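Quick mapping for you: the protein sequence lines, in order, are chains A and B. By our numbering, the letter at position 34 of the first sequence is numbered 34, and the numbering carries on one by one without gaps. By our numbering, the letter at position 276 of the second sequence is numbered 276, and the numbering carries on one by one without gaps.
If you're looking for bench data, these hints aren't it; they were derived computationally from the structure. Fair warning: there could be bad hints in the mix.
[What the hints assert, rightly or not] As a list, the in silico DSSO-like pairs of lysine-lysine whose alpha-carbon atoms are at most 30 Å apart: (1) A:K141 with B:K280; (2) A:K141 with B:K153; (3) B:K120 with B:K280; (4) B:K100 with A:K49; (5) A:K141 with B:K120.
For clarity, every value in this text was computed on a predicted model and none was experimentally measured.
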Amino acid sequence: MEKRVFFKGWWLPALLVAPQLLISFVFFFYPSGQAIWNSLFLPDPFGLKTEFVGLDNFRFLLSDPYYLASFKTTVIFSTAVSVSSMALGLYLAALADRLIKGAGVYQTLLIWPYAIAPAIAGVLWLFMFNGNIGLASYYLKALGYEWNHTLKGDQAMFLVILASSWGRISYNFLFFLAGLQAIPKSIIEAAAIDGASFWKRFGTIVIPLLSPITFFLLVVNIVYAFFDTFGVIHTITSGGPEQSTTILVYKVFSDGFVSQDLGSSAAQSVILLVLVGILTVIQFKYIERKVHY
Amino acid sequence: MKTIKAIIASLALFAMFAGTAAQAKVEIQWWHAFGGRLGELLDEQVNKFNASQDKYTVVHTRKGNYSETLNAGIAAFRAGQHPNILMVFEVGTASLMAAKGAYVPMYQLMKDAGQRFNPKGFVSAVSGYYTTTDGKMLSMPYNSSTPVLWVNKDLMKKAGLDPEMDLSTWKKVGNALDAAKAKGIDMPFCTCWHSWVHLENFSAYHNIPFATKSNGFAGLDTELAFNSPVHIKHIQTLGKWAQEGKFKYMGRRNEAGKNFRAGECMLMTESSAGYAGIKKEAKFEFAIRHLPYYGATEAPQNTIIGGSSLWALSGKSKEENKATAAFLAFLSRTDIQAKWHQDTGYLGVTTAAAKATKKSGFYKSNPGTDLAGIQMMRNKVTQNSKGLRLGSFDQIRGIIDEEMEGVYNGTKTAQVALDSAVKRGNVLLRRFERANK
Numbered sequence: 001m002e003k004r005v006f007f008k009g010w011w012l013p014a015l016l017v018a019p020q021l022l023i024s025f026v027f028f029f030y031p032s033g034q035a036i037w038n039s040l041f042l043p044d045p046f047g048l049k050t051e052f053v054g055l056d057n058f059r060f061l062l063s064d065p066y067y068l069a070s071f072k073t074t075v076i077f078s079t080a081v082s083v084s085s086m087a088l089g090l091y092l093a094a095l096a097d098r099l100i101k102g103a104g105v106y107q108t109l110l111i112w113p114y115a116i117a118p119a120i121a122g123v124l125w126l127f128m129f130n131g132n133i134g135l136a137s138y139y140l141k142a143l144g145y146e147w148n149h150t151l152k153g154d155q156a157m158f159l160v161i162l163a164s165s166w167g168r169i170s171y172n173f174l175f176f177l178a179g180l181q182a183i184p185k186s187i188i189e190a191a192a193i194d195g196a197s198f199w200k201r202f203g204t205i206v207i208p209l210l211s212p213i214t215f216f217l218l219v220v221n222i223v224y225a226f227f228d229t230f231g232v233i234h235t236i237t238s239g240g241p242e243q244s245t246t247i248l249v250y251k252v253f254s255d256g257f258v259s260q261d262l263g264s265s266a267a268q269s270v271i272l273l274v275l276v277g278i279l280t281v282i283q284f285k286y287i288e289r290k291v292h293y
Numbered sequence: 001m002k003t004i005k006a007i008i009a010s011l012a013l014f015a016m017f018a019g020t021a022a023q024a025k026v027e028i029q030w031w032h033a034f035g036g037r038l039g040e041l042l043d044e045q046v047n048k049f050n051a052s053q054d055k056y057t058v059v060h061t062r063k064g065n066y067s068e069t070l071n072a073g074i075a076a077f078r079a080g081q082h083p084n085i086l087m088v089f090e091v092g093t094a095s096l097m098a099a100k101g102a103y104v105p106m107y108q109l110m111k112d113a114g115q116r117f118n119p120k121g122f123v124s125a126v127s128g129y130y131t132t133t134d135g136k137m138l139s140m141p142y143n144s145s146t147p148v149l150w151v152n153k154d155l156m157k158k159a160g161l162d163p164e165m166d167l168s169t170w171k172k173v174g175n176a177l178d179a180a181k182a183k184g185i186d187m188p189f190c191t192c193w194h195s196w197v198h199l200e201n202f203s204a205y206h207n208i209p210f211a212t213k214s215n216g217f218a219g220l221d222t223e224l225a226f227n228s229p230v231h232i233k234h235i236q237t238l239g240k241w242a243q244e245g246k247f248k249y250m251g252r253r254n255e256a257g258k259n260f261r262a263g264e265c266m267l268m269t270e271s272s273a274g275y276a277g278i279k280k281e282a283k284f285e286f287a288i289r290h291l292p293y294y295g296a297t298e299a300p301q302n303t304i305i306g307g308s309s310l311w312a313l314s315g316k317s318k319e320e321n322k323a324t325a326a327f328l329a330f331l332s333r334t335d336i337q338a339k340w341h342q343d344t345g346y347l348g349v350t351t352a353a354a355k356a357t358k359k360s361g362f363y364k365s366n367p368g369t370d371l372a373g374i375q376m377m378r379n380k381v382t383q384n385s386k387g388l389r390l391g392s393f394d395q396i397r398g399i400i401d402e403e404m405e406g407v408y409n410g411t412k413t414a415q416v417a418l419d420s421a422v423k424r425g426n427v428l429l430r431r432f433e434r435a436n437k
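Only chain A is shown next, with the shape it has when bound in the complex (with noise of 0.2 Å):
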């Protein structure tokens, strides 16, 4: 049953979504406009004069083939991503979750990353792996294991990975965590009680109560993989070896930050803008119908 309110006049409606439909066009509306908008001119740097070029733009970049390149290398980034931090989060909770003693100090060293800033997230691991004083890389070296992650793309992708999903392991940490204490024990006692084993229990009652959450979780965190993980892959390879970690998001703010080409940064938000409004669709009506709630 869904609840229905009617107003009868127009006015206190208006009035009551007015804050948010102000919000949506100051933060949402107008930029995204502006976006569109720009995309359709070929400017010089300083702003000092522009042309109009039409489509240009995007026919630029579908025909540049790294441009092409970047959307199979944000998929991998994006499901790496979100997959192992959700793994991690939930691994991590299920544990915590079972803490007689000290659970108020384990949660909160647990959750202690998801304070520190991308870009700073991903000095400390560029740190570590830094081939002249990196401790990881020295100790990797000395496994036989040569470590350069500004030539090798396959290790350069894993570094942004790992510095990308650190932080959101304690944020998914901390929401499956609370998930779990809302599943009420005597569901899963009565179950232990007919015999079920820890696993049989973990899969056929916990996590179908999780579903919401998971849900929820993995909306944010693809979009976390998408569009905040730029200050990472900055501070960690810029882009490269050879583009191997160029996203789609880092390829709008270099393209527009670093290089000053800010019709073709414009057409690819354009172009992101409109892959994320088809995901975003794709999951609500397609995965939340799996959601139980």
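Put chain B on the given structure of chain A with help from the hints.
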């Protein structure tokens, strides 16, 4: 609580007085890219200027590396919050030149301010970079360097090599690297600024074009040309060395400098301005040599500069422009230039500074510090060795770096990588041409 309030109140009072004192002077902003030892030396220059007169104050701010500084300047210009003076590295020169209206040309600035200024006092190989084809100087050369070969003599000895051996050609360098690898030296060769040293300077040094239309000096419709057989041969050699573990890639900019200063790398190609840091940090005997070349060309042409020049951005008051002019004239003074040249390893950009340095006996007591100057001015410049003037060049360098990474990690041949870099770079040149018609 009371003490905190008292502190805040006194701070506010202090700020007020400090404010009024500063208001009497004209304050101008300078954005630059120098940290570390270079940053200290730059700070010294600014302090000297501020103390030398009581009309103007220069405030300097570091905005990150060269690219970040340029981008910060451009973004600030769009927002109307730009500094009076912006440091722009040589790669950004074409972008600035094309942005007429964004800057006050140097000759104009000096004339308007009634400042005595002699553009002919600058070494032409340097000032030519920043001067229009009809001889008007647009920005002031600040720091200019050229790539040289740095030698760790201690590691040479450890490799069983004569530290004084001839390293003038890449073939001889290759032999030295073979010997070093055989003796277990971990990093026989490293380099900074790959594109600048191994393609841009390489082209000038071998007198072959990097791009058509005199490397872009003669028009925006220039096309890249660094995929000639000579270029390919050199990059393929570097790739081979990388595969054999003789050359270690440390990053696109000057990351390898750390390895050299730490005594890990035996031979390094890097700017002559690596001098400031190496002199300060190296705990081994080092030497400076000319950049190697391929013996096939009879004798090397000249190398070209890297570094930055200072641009006076437009939209500032007359008073502030006067201050800018006074400061830039101060920087070009012989004593300031000579000190900068000797401290940093950058070239003496005025003829007088180079002469004064020679007279002081500096080159004799610091052997090798004059090599960069000689290497740059050894011949009459040709169409191919004047320098580069290419739009979107920071991006093109990024493309070159990417493609070269493919050669070093063995996924691409030099032919494929350079062909691809030329093709991708040309797309950007056409885009730049279109945006700046």
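**Asked** Hint by hint, which ones does the structure fall short of?
**Response** 3, 5
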